[in-house]
Amino acid sequence: MNEQGAAITRDAEFRRELGLLLPRLWRYGLVLSRQKHLAEDLVQATCVRALERTGQFAAGTRLDRWLLAIMHSIWLNELRSQRVRQGQGFVDAEQALSFDGESQAQDQVLAAQVIKRVNGLPEAQRETVFLAYVEGLSYKEIADVLHIPVGTVMSRLAAARAKLAEAPPSNHRAEKTSGERR
Amino acid sequence: MTDLNAPSDELLVAYLDGELDAEQRRFVVDQLHAHPAVAERLAALQCADMPFKAAFEGVLDEAPTERLNAMLKALPAREPPALSRRRFLAVAASFAVAGVVADRLFMAWPHAESGQGWRASVAEYMALYTPQTLENLSDDRAAHVAQLRSVGTQLGLPLSPDAVSLPGAEFRRAQILNYDGVLIGQLTYLDPRHGPLALCITASQKGPAGLATEQRRGMNVVYWSNASHGFMLIGRNPFDDLQIMARSAEERLLG
Numbered sequence: 117m118n119e120q121g122a123a124i125t126r127d128a129e130f131r132r133e134l135g136l137l138l139p140r141l142w143r144y145g146l147v148l149s150r151q152k153h154l155a156e157d158l159v160q161a162t163c164v165r166a167l168e169r170t171g172q173f174a175a176g177t178r179l180d181r182w183l184l185a186i187m188h189s190i191w192l193n194e195l196r197s198q199r200v201r202q203g204q205g206f207v208d209a210e211q212a213l214s215f216d217g218e219s220q221a222q223d224q225v226l227a228a229q230v231i232k233r234v235n236g237l238p239e240a241q242r243e244t245v246f247l248a249y250v251e252g253l254s255y256k257e258i259a260d261v262l263h264i265p266v267g268t269v270m271s272r273l274a275a276a277r278a279k280l281a282e283a284p285p286s287n288h289r290a291e292k293t294s295g296e297r298r
Numbered sequence: 050m051t052d053l054n055a056p057s058d059e060l061l062v063a064y065l066d067g068e069l070d071a072e073q074r075r076f077v078v079d080q081l082h083a084h085p086a087v088a089e090r091l092a093a094l095q096c097a098d099m100p101f102k103a104a105f106e107g108v109l110d111e112a113p114t115e116r117l118n119a120m121l122k123a124l125p126a127r128e129p130p131a132l133s134r135r136r137f138l139a140v141a142a143s144f145a146v147a148g149v150v151a152d153r154l155f156m157a158w159p160h161a162e163s164g165q166g167w168r169a170s171v172a173e174y175m176a177l178y179t180p181q182t183l184e185n186l187s188d189d190r191a192a193h194v195a196q197l198r199s200v201g202t203q204l205g206l207p208l209s210p211d212a213v214s215l216p217g218a219e220f221r222r223a224q225i226l227n228y229d230g231v232l233i234g235q236l237t238y239l240d241p242r243h244g245p246l247a248l249c250i251t252a253s254q255k256g257p258a259g260l261a262t263e264q265r266r267g268m269n270v271v272y273w274s275n276a277s278h279g280f281m282l283i284g285r286n287p288f289d290d291l292q293i294m295a296r297s298a299e300e301r302l303l304g
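Same order as they appear, the protein sequences are chains X and U. The opening position of the first sequence corresponds to residue 117 in the numbering used here, with each subsequent residue numbered one higher. The opening position of the second sequence corresponds to residue 50 in the numbering used here, with each subsequent residue numbered one higher.
Don't read these hints as lab results, they were simulated from the structure. C-beta atoms are modelled at their ideal positions from N, C-alpha and C, and glycine is treated no differently. Hints are not guaranteed to be accurate.
What the hints assert, rightly or not - Using C-beta positions, here's what the derived DEER-type ranges look like:
| no. | chain 1 | residue 1 | chain 2 | residue 2 | range |
| --- | --- | --- | --- | --- | --- |
| 1 | X | PRO238 | U | ASP79 | 32 to 38 Å |
| 2 | U | ARG75 | X | ARG132 | 43 to 49 Å |
| 3 | X | LEU179 | U | PRO210 | 38 to 44 Å |
| 4 | U | ALA88 | X | PRO238 | 27 to 33 Å |
| 5 | X | ARG126 | U | PRO85 | 56 to 62 Å |
| 6 | U | ARG198 | X | ARG132 | 31 to 37 Å |
| 7 | U | SER57 | X | ALA240 | 47 to 53 Å |
| 8 | X | ALA240 | U | GLN224 | 25 to 31 Å |
| 9 | U | GLN224 | X | PHE173 | 54 to 60 Å |
| 10 | U | ALA88 | X | ARG126 | 39 to 45 Å |
| 11 | U | SER57 | X | GLU282 | 17 to 23 Å |
| 12 | U | CYS96 | X | GLY252 | 18 to 24 Å |
Unchecked claim - List time: in silico DSS-like cross-link candidates among lysine-lysine, alpha-carbon distance up to 30 Å:
| no. | chain 1 | residue 1 | chain 2 | residue 2 |
| --- | --- | --- | --- | --- |
| 13 | U | LYS102 | X | LYS279 |
| 14 | X | LYS232 | X | LYS256 |
| 15 | X | LYS232 | U | LYS102 |
| 16 | X | LYS279 | X | LYS232 |
| 17 | X | LYS256 | X | LYS279 |
| 18 | U | LYS102 | X | LYS256 |
The whole structure should be built from the sequences, with the hints applied where relevant.
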C-alpha cells in the first residue's frame, strides 16, 4: 500500500473510533456548557481538531482521554469566556424523564436529583467530579485532561464532596429560586 | 477540626477514592482509629457518594447521536499536506464561525430587552453564517417537525413545516437560543441564490406592528410583530424578496 493509501486507512480507522465516542463527548460538552446546542458545537470543534491532529495522538494511549482534553481546552479558550451560565441543557434532561412504572420512576427521580446536585457545583468542581466519578478517570488522568496539578484535583474534589454532603435543598425551594432568577 | 495534625479533607477524599499510596493510607487509618472526629469527618465526606455513573448514564441517550455521526461523516478527510492546506483552512474557518456565533450572541445579549437590541444581536451572528454552516444539517422532515414542535412549545406559538415554509428557501433547522432567560427561536433556511437566512421569533408584549425594514451588518432585515411575538427575517436577499417571504410567514403563522 502506498503512503496515501495508508493515510486513508488510518483516517477511516480513527473516524470509526471517534464515532463510537460521540455520545460521551456530547455529554461532557453538556456538563461543561449546560446548553445542548453548545454541547453540539463543542463536539464538532473537538472532531475537527482531533482529525487535524491525528498525528499527535500517541498510539497505545487512550483516545477518550485525549478527546476529553481537546474539548476541555476548546471550552476554556474559545467558548467559556462568553458568559455561558444558566443554560437549560440539564433542565431539559430532567423534563425528558418519563414516569412509567414505579421502580423505574424512582430511579429516574434519583438520577435527576444527582444530576441537579452536580449541576449546582461551580464549574471547576463540576467537571472534576464528572471526570472522576462518572468517567472514572484517576487523579493523574484528570490532571492531564484539565492541565492542572494533582493537588488541585484533590482540593476540587474535597470542596465538591463537602458541598454535596450538605443536606440537599428541598426540590420545591430549589425550583422557586431558579424561577426567580432573571 | 481543630487538630493541626488531623488529615485534611483532601487526604480523606483521596483515601475514599483509593488514590493514596501505602504510607499515606496507613497515616489516615491510624488517625481514624485514634480520633473519632476524623472518623466523623470521613463519614460526612462519604455522604457525598452518589450513584453518579448511573445518573449520568441516561444523559447519553439524549445525545443527538445521528446528527453527530452525520457531522463527523461530513468532515473532510485528511489529505497529504500539500493538498490539504486549503481544505484544512476551510474547516478551521467553519469552526471559527461556530465559536464566534455563540460568542457574539452572548456579548450582545444584555441589550436584548431594550427593543431593537435583539435584532442587532441576531444580525451579528447571522452575518457570520455561510452556506457551509448549514450544509451538515439534516433535511429529514420528521426531525424538522420535532424541532419545530419543541421550539414552538417553548415560545408559546405552534410551529409546523407548513407554517414556517418560505417561498424560495429550504428550511434547515429550528433551535431555541436561551440567553439570560430570553428565549429566541432561530429558524434557519438556505436560499440557493442568496445563501443563509433566518426567521427569528421571540415572545414580545409590545403589540402588533406592520412590516418594517432595516439594514444590519450588510444584511437586509424585515421585522414585524403581532400581539404576542416579535419576528424578524434576515438574509442577503433583496428587500423585495424578503418582504414577499415575510408576508407569507406573517399569514401562515396566524394559522
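Hint check results:
1. PRO238(X) with ASP79(U): 32 to 38 Å: Between PRO238(X) and ASP79(U), where Cβ atoms are some 33 Å apart, the hint holds.
2. ARG75(U) with ARG132(X): 43 to 49 Å: Check passed, 46 Å falls within 43 to 49 Å.
3. LEU179(X) with PRO210(U): 38 to 44 Å: holds, 39 Å
4. ALA88(U) with PRO238(X): 27 to 33 Å: holds, 28 Å
5. ARG126(X) with PRO85(U): 56 to 62 Å: holds, 59 Å
6. ARG198(U) with ARG132(X): 31 to 37 Å: Since the Cβ atoms of ARG198(U) and ARG132(X) sit about 34 Å apart, the hinted range of 31 to 37 Å holds.
7. SER57(U) with ALA240(X): 47 to 53 Å: At roughly 18 Å between Cβ atoms, ALA240(X) and SER57(U) fall outside 47 to 53 Å, so the hint is violated.
8. ALA240(X) with GLN224(U): 25 to 31 Å: holds, 28 Å
9. GLN224(U) with PHE173(X): 54 to 60 Å: violated, 32 Å
10. ALA88(U) with ARG126(X): 39 to 45 Å: For ALA88(U) and ARG126(X) the Cβ distance comes to about 54 Å; the hint is violated.
11. SER57(U) with GLU282(X): 17 to 23 Å: The hint (17 to 23 Å, Cβ to Cβ) holds, given that SER57(U) and GLU282(X) are roughly 18 Å apart.
12. CYS96(U) with GLY252(X): 18 to 24 Å: holds, 21 Å
13. LYS102(U) with LYS279(X): The hint holds at about 19 Å.
14. LYS232(X) with LYS256(X): Judged against 30 Å, a Cα distance of about 27 Å means the pair holds.
15. LYS232(X) with LYS102(U): holds, 14 Å
16. LYS279(X) with LYS232(X): Holds - the C-alpha atoms of LYS232(X) and LYS279(X) are around 13 Å apart, at most 30 Å.
17. LYS256(X) with LYS279(X): holds, 23 Å
18. LYS102(U) with LYS256(X): holds, 19 Å
In summary, the numbered hints that this structure violates are 7, 9 and 10.
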